[in-house]
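J.: Take a look at the letters that make up each chain.
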Amino acid sequence: MSAASQLPKVFVVRSFPPEGISRLKQHCQVTVHEGEHTATRQEILDGARGMDALFIYPQVKIDKELLDAAGSQLKVIGTFSVGLDHIDIDLCKERGIKVGYTPDVLTTATAEAGVALVMATARRIQECIQAVKDGVWGTAWDNAMWLAGKEIAGSVIGIVGLGRIGLAIAKRLAAFEVSKILYTGRNPRPESADPIGAEFVTFDQLLEQSDFVIVACSANDSNKGLFDESAFKKMKRTAILVNISRGVVVDQDALYNALKSGEIGAAGLDVTTPEPLPTSSPLLTLPNCLVTPHIASCTVSTRNAMCELIVDNILAGLEGRPLKTPVC
Amino acid sequence: MSSASAPKVFVSRRVPEKAKALITSQCNAILWEKDEPPPRDEYLKIISGIDGLFCLLTDKIDAELLDAAGPNLRVVSTMSVGYDHVDVKECAKRNIAVGYTPGILTKATAELTVALLLATTRRLKEGIRAVENGEWGTWKPMWLCGQGLDGATVGVVGLGRIGYTVAQCLNPFGVARFLYTGYRRPDAEEELKAEFADLDKLYSESDFVIACCALTPETAGMFNADAFKKMKKTAVFVNSSRGGVVNQDDLFVALESGEIGAAGLDVTIPEPLPTDSPLLGLNNCVVLPHIGSATHDTREAMAVLAAQNLIAGLKGDKMPSQIDD
Numbered sequence: 001m002s003a004a005s006q007l008p009k010v011f012v013v014r015s016f017p018p019e020g021i022s023r024l025k026q027h028c029q030v031t032v033h034e035g036e037h038t039a040t041r042q043e044i045l046d047g048a049r050g051m052d053a054l055f056i057y058p059q060v061k062i063d064k065e066l067l068d069a070a071g072s073q074l075k076v077i078g079t080f081s082v083g084l085d086h087i088d089i090d091l092c093k094e095r096g097i098k099v100g101y102t103p104d105v106l107t108t109a110t111a112e113a114g115v116a117l118v119m120a121t122a123r124r125i126q127e128c129i130q131a132v133k134d135g136v137w138g139t140a141w142d143n144a145m146w147l148a149g150k151e152i153a154g155s156v157i158g159i160v161g162l163g164r165i166g167l168a169i170a171k172r173l174a175a176f177e178v179s180k181i182l183y184t185g186r187n188p189r190p191e192s193a194d195p196i197g198a199e200f201v202t203f204d205q206l207l208e209q210s211d212f213v214i215v216a217c218s219a220n221d222s223n224k225g226l227f228d229e230s231a232f233k234k235m236k237r238t239a240i241l242v243n244i245s246r247g248v249v250v251d252q253d254a255l256y257n258a259l260k261s262g263e264i265g266a267a268g269l270d271v272t273t274p275e276p277l278p279t280s281s282p283l284l285t286l287p288n289c290l291v292t293p294h295i296a297s298c299t300v301s302t303r304n305a306m307c308e309l310i311v312d313n314i315l316a317g318l319e320g321r322p323l324k325t326p327v328c
Numbered sequence: 001m002s003s004a005s006a007p008k009v010f011v012s013r014r015v016p017e018k019a020k021a022l023i024t025s026q027c028n029a030i031l032w033e034k035d036e037p038p039p040r041d042e043y044l045k046i047i048s049g050i051d052g053l054f055c056l057l058t059d060k061i062d063a064e065l066l067d068a069a070g071p072n073l074r075v076v077s078t079m080s081v082g083y084d085h086v087d088v089k090e091c092a093k094r095n096i097a098v099g100y101t102p103g104i105l106t107k108a109t110a111e112l113t114v115a116l117l118l119a120t121t122r123r124l125k126e127g128i129r130a131v132e133n134g135e136w137g138t139w140k141p142m143w144l145c146g147q148g149l150d151g152a153t154v155g156v157v158g159l160g161r162i163g164y165t166v167a168q169c170l171n172p173f174g175v176a177r178f179l180y181t182g183y184r185r186p187d188a189e190e191e192l193k194a195e196f197a198d199l200d201k202l203y204s205e206s207d208f209v210i211a212c213c214a215l216t217p218e219t220a221g222m223f224n225a226d227a228f229k230k231m232k233k234t235a236v237f238v239n240s241s242r243g244g245v246v247n248q249d250d251l252f253v254a255l256e257s258g259e260i261g262a263a264g265l266d267v268t269i270p271e272p273l274p275t276d277s278p279l280l281g282l283n284n285c286v287v288l289p290h291i292g293s294a295t296h297d298t299r300e301a302m303a304v305l306a307a308q309n310l311i312a313g314l315k316g317d318k319m320p321s322q323i324d325d
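Taken in order, these protein sequences are the chains called A and B. Counting from 1, one number per residue, gives the positions in the first sequence under this note's numbering. Counting from 1, one number per residue, gives the positions in the second sequence under this note's numbering.
Hints in this document: simulated from the structure, not taken from any laboratory. Backbone N, C-alpha and C fix where the C-beta goes; we use that ideal spot for every residue, glycine too. It is possible that some hints are incorrect.
Residues of chain A placed beyond 12 Å of chain B at every Cβ, according to the derived structure [unchecked claim]:
hint, residue
1, 116
2, 209
3, 277
Covered stretches of chain B (chain A as the covering partner; in silico rule of three or more C-beta atoms under 8 Å from a C-beta of chain A) [to be verified]:
hint, segment
4, 145 to 151
5, 190 to 203
6, 221 to 233
7, 265 to 275
In silico DSBU-like cross-links for lysine-lysine, where the CA-CA straight-line distance does not exceed 30 Å [unchecked claim]:
hint, chain 1, residue 1, chain 2, residue 2
8, B, 45, A, 133
9, B, 140, A, 9
10, A, 171, B, 45
11, B, 193, A, 171
12, B, 140, A, 64
13, A, 236, B, 193
14, A, 133, B, 140
15, B, 232, A, 25
16, A, 171, B, 60
17, B, 34, A, 133
18, B, 18, A, 180
19, A, 75, B, 140
20, B, 140, A, 224
21, A, 260, B, 34
22, A, 236, B, 89
23, B, 140, A, 324
24, B, 193, A, 180
25, B, 45, B, 60
26, A, 224, A, 93
27, B, 60, B, 140
28, A, 133, B, 193
29, A, 61, B, 20
30, A, 133, B, 232
Pulled out of the complex, with its shape left as it was, chain B reads as follows (with noise of 0.2 Å):
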């Protein structure tokens, strides 16, 4: 159902039912319906008097595309939580609402770093991968013996929506102590008795170190060789955050010296990771594609909330969930 004064809009990747059916309901949508993402040239193309964009985080929303929208484009919506790929300073300066999608995959993604902490000290992949190739028949009592969280320390560096829920969810485990940097959080201190701690501190005293902080300038690069040196020799890292918060090349020095014991990506950079990067040759790293927010639910309700979000902020209404900048 679309009229003339519908407000037009492209949104940029296909989207599950539910939030395509709202969008078409109430605007003029270009959708992009291909297998492949739209390439850079053709997206500025087809974005030319757009009203309102409906973006994914592998969407680079900058001054050339704001350029290339022209001056009606009132809203951009992204579907994540995270929005370092869009240039809010920008947005702002041109009036355009940016919408996002916090709180509602907290859980899918705090799950998916407690599976992938657990996949990582439990040596799952090479587990599997020695089932697969027959070397079970050597079976040694010590053989592919991980880390357990029982008695352990847990860092999570960053305690917001997401950190807190993996901490939640950690704490049955019978984690020992959480210690935790970023900014004071007196509930997760009075709930899980977490300990507010420097960064060195929670790198020296962490059995395990979890990456929960969003990526700025401060936080760029933060896990580098430096910071690996001050980790347990045992220490398990952690990251679904964002891959820019990590130095690969430290990271990859520190598992192939033994400076750190093992490491947990759902993040990299870049994304994809070429198929030939060193970190997928030790045994001692997983990496996996950006799937923390993947679940059926999930994604679902994220593109609901971000087609409310672009539809809200096109009736120059608040959106649901808008970043205030």
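Same shape as in the complex, but just chain A (with noise of 0.2 Å):
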């Protein structure tokens, strides 16, 4: 430990863009986790060690153990994401530990994701490719129905969750010629839904109605394994899922057998449980399931907006200012 460095630590969980982080730099004495894999949670606490400040993304779990290991000289943590299921807020705060993160700047991102999702489901995007590779494609028109799909015209979109992603996704789908778009969560949001026409529904009516499903709340106690074997019973035999939340928020085992047994039509998810989902999951073997792996956000612009915003936040909380994106 050098004497003479008075700069605040910072631990960086991952290699994020080398223009945020020389920023990051010039204030701070910076420790980035760089190698082939994501740190392991033993790597994560040696690196949180005596830091003051911790940039992390979702895989990183903020808890008692982390917060300890770290030390009480840590002032704050930068998460990479909107989610914050990963962090013990309450636990923050009572150690006056401030916690910044990226609403916003990964809304259009997430959401054309999403989108993308949608229609790769539909389209059965999955199997065409697959059939190209093995060269099952024949003449393509051997049968006129070969690899048929779903219209988004005409279908009826339903929302879980018209938050800011949510909203995106719906507007998004607007353009397609929908037949109604439905959306569910704990309270109807009129000003979100209203200049859309998106209707407000219980649960258990979106899950009935909809040909799409598309779920984009965030995940907390409250709904986690939401989408359990009585919910896909619920949805219709050929409605597609798409998940851009969080893996916890669907039963994957419940999943598997509803897509395994014609309960419903396809799914589409961006992230699972856990991540990474190991290359030995059931769901890998479906056909009418297609697994990304957690790129929602992923776009050059948008990833680079994020780390900027977290930079902001992180030299904002060791110099006492108020963070640009504070979760508290």
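Using the hints, put the two chains back together into the complex; each one sits in its own frame.
T.: As structure tokens, then:
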């Protein structure tokens, strides 16, 4: 430990965009976990020790164990996400640790990815790519219904959680001339819903009526395992489920059964339990289940913007200024 | 229900029940019910003496085939909107009415074009493969980052029915600007603030270049090395029109060398694309097996319309959708 170093210490758990990190380096002593693989829990605990700030992402659980390992000098945590289910916010508040996150800047990219998943599952993109690769294309017209999918036009869209991202998804899908946009959540949101004609319904009504069920809610204790066997039973047999919220909202075993048995039509998941999803997961054996590795916010401009925002938050927290986008 | 006077038709593929029922109720129909499409020589034999033909876009309707059918043939009905497989001039010479299926497949094809654009630009193929291959554990913040539509310039080459619908669907994604070529569309300019441009401008300024033009002698091979050179290095090229508008060898070189960013193709030359095509080895190229109109609703509607065209033409009536050439 250098006695001369008075710069605050920041542990950055992964190689975030260099432009953002270089700004951090101008004001702080920065340690970055580089390397082929993401940091193990032990590496996170070791890296956090003695730090004034942490730059993390959703795979890093902020709990008593980590906060204790870091030490009482920890002032601010910046999470590269809008989701917060990996952070014990109450505990951070208790210990006076500021937490910053990335709302708004990732809304567009995430909504776009949500729609990409809706369309990829509707049109069976995974099966199509495989058919070309495997040489089963034939003449494509052996059978006029080969690889026929679902149309967005005329369909009923059901959004679970009409927050920023859910609303952005609804606005994009509305241009496809859908028949109805339904949404559910704790309370109606007329300011968001009215301009696009979205209708507030109960969860069960949404399940029963929707051709596309899109999960865009934030994850918390009340909606853990929300999509269980009974939920899938209520959905249409041709319905498609898309989850861009958190893996924990879906009971994955129940989902596997529902897809395998034809209880629902297909699923597109950008989030799973755990992440990474093991390659042995039975979901990966299903032609009607598409899994992407949590890339919904992944556009170059968005990731750069997220990084800049977290750097702003961390620097503010270290300098005792209000955070740009505080959770607490 | 058929009688000796009912017209004789050949239906060259299995089609949805509704269309089949329509045809068999009005015609003496020879139905091809096998899994494989009819081989050319068998096709030419079967059609001898027919009055009407219900065909698909993989059937080449040329002078040879029309000769094989004989002088009774007065209607060709294709279950497609593209008709580059039909020698319409030859048909006109022989007073053969040709029906097609515009309009009803617009939505399905426009949606597929958007699906393909999103899958390509957001790198879904690579993402899916990464999950299957166990590469997720090496996550980095810029890993699999794509190019978003937000703030982008989208260039539509050929703003016809499908191109316009594609643009309308993309509009709420935050597209900054639409450029287009082909025929002037005052409605698009009004609704989407689309800007009519020449090809060079469209190529050099677009982040997304979408080919929605028909295949004609003018457009054949238009997307070649020259065109790709003019495009941005980050450009995403999407083709859901016909494989023939693209010089595929040039496209491969452009993708491999980084001359353009990525490509999504629903149409290729040939179709099917052979499994050893170099395009299939590229991470930044997504190829789909010509499924533009492949939705349950649309395929059924296309088959029914093609059946209606066939029946109307055989009666000597104007078809619901006839090619006037």
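J.: Hint by hint, say whether it matches the structure.
T.: Evaluation of the provided hints:
Chain B draws residue 116 of chain A into its interface by the beta-carbon criterion, the shortest separation being 4 Å against a cut-off of 12 Å. Residue-level check passed: residue 209 of chain A sits 18 Å from the nearest beta carbon of chain B, beyond 12 Å. Against the 12 Å criterion, residue 277 of chain A falls within the reach of chain B, whose nearest CB is about 6 Å from its own CB. Judged by the Cβ-Cβ criterion of 8 Å, the segment 145 to 151 of chain B is covered by chain A as claimed, because 7 of its residues qualify and three suffice.
Residues of the segment 190 to 203 of chain B lying with their CB closer than 8 Å to a CB of chain A number 0, which falls below the three-residue condition for coverage. Counting residues of the segment 221 to 233 of chain B whose C-beta lies closer than 8 Å to any C-beta of chain A gives 0; at least three are required, and the coverage claim is violated. Given as covered by chain A, the segment 265 to 275 of chain B passes the check, having 5 residues with a CB less than 8 Å from a CB of that chain where 3 are the minimum. Between residue 45 of chain B and residue 133 of chain A, the direct Cα distance comes to roughly 34 Å. Violation of the 30 Å bound is thereby established for this hinted pair.
Between residue 140 of chain B and residue 9 of chain A, the direct Cα distance comes to roughly 22 Å. Compliance with the 30 Å bound is thereby established for this hinted pair. The straight-line distance between the Cα atoms of residue 171 of chain A and residue 45 of chain B is roughly 54 Å, outside the 30 Å bound, and the hint therefore fails. Between the alpha carbons of residue 193 of chain B and residue 171 of chain A the distance comes to roughly 19 Å, so the proposed pair stays at or under 30 Å and holds. The suggested pairing of residue 140 of chain B with residue 64 of chain A holds, with an alpha-carbon distance near 26 Å, which does not exceed 30 Å.
Restraint check for residue 236 of chain A and residue 193 of chain B: the C-alpha separation of about 39 Å exceeds 30 Å, so the hint is violated. Straight-line distance between C-alpha atoms of residue 133 of chain A and residue 140 of chain B comes to about 28 Å, which keeps the hinted pair within the 30 Å bound. For the hint pairing residue 232 of chain B with residue 25 of chain A, the CA-to-CA distance comes to about 33 Å; that exceeds 30 Å, so the pair is violated. For a cut-off of 30 Å, the pair hint linking residue 171 of chain A to residue 60 of chain B is broken: about 43 Å separates their Cα positions.
Between the alpha carbons of residue 34 of chain B and residue 133 of chain A the distance comes to roughly 24 Å, so the proposed pair stays at or under 30 Å and holds. Among the hinted pairs, residue 18 of chain B with residue 180 of chain A is consistent with the structure: their alpha-carbon atoms are about 27 Å apart, no more than 30 Å. Of the pairs offered as hints, the one joining residue 75 of chain A and residue 140 of chain B holds, with about 25 Å between alpha carbons and a cut-off of 30 Å not exceeded. For the given pair, residue 140 of chain B sits about 27 Å from residue 224 of chain A by alpha-carbon distance, which is consistent with the 30 Å threshold.
Straight-line distance between C-alpha atoms of residue 260 of chain A and residue 34 of chain B comes to about 29 Å, which keeps the hinted pair within the 30 Å bound. Note on residue 236 of chain A and residue 89 of chain B: the hinted pairing is violated, with a Cα-Cα distance of about 49 Å set against a maximum of 30 Å. Straight-line distance between C-alpha atoms of residue 140 of chain B and residue 324 of chain A comes to about 24 Å, which keeps the hinted pair within the 30 Å bound. A C-alpha spacing of about 27 Å is found between residue 193 of chain B and residue 180 of chain A, which places the hinted pair at or below 30 Å, so the restraint holds.
Simply put, residue 45 of chain B and residue 60 of chain B have alpha-carbon atoms about 15 Å apart, close enough for the 30 Å limit, and the pair holds. Between residue 224 of chain A and residue 93 of chain A the CA atoms are separated by roughly 23 Å; this keeps the pair inside 30 Å, and the hint holds. For the hint pairing residue 60 of chain B with residue 140 of chain B, the CA-to-CA distance comes to about 50 Å; that exceeds 30 Å, so the pair is violated. Taking the CA atoms of residue 133 of chain A and residue 193 of chain B, the gap is near 40 Å; set against the 30 Å cutoff, the hint is violated.
As the CA atoms of residue 61 of chain A and residue 20 of chain B are separated by approximately 60 Å, the hinted pair breaks the 30 Å bound. With a C-alpha separation of about 28 Å, the suggested pair residue 133 of chain A and residue 232 of chain B falls inside the 30 Å cut-off, and the hint holds.
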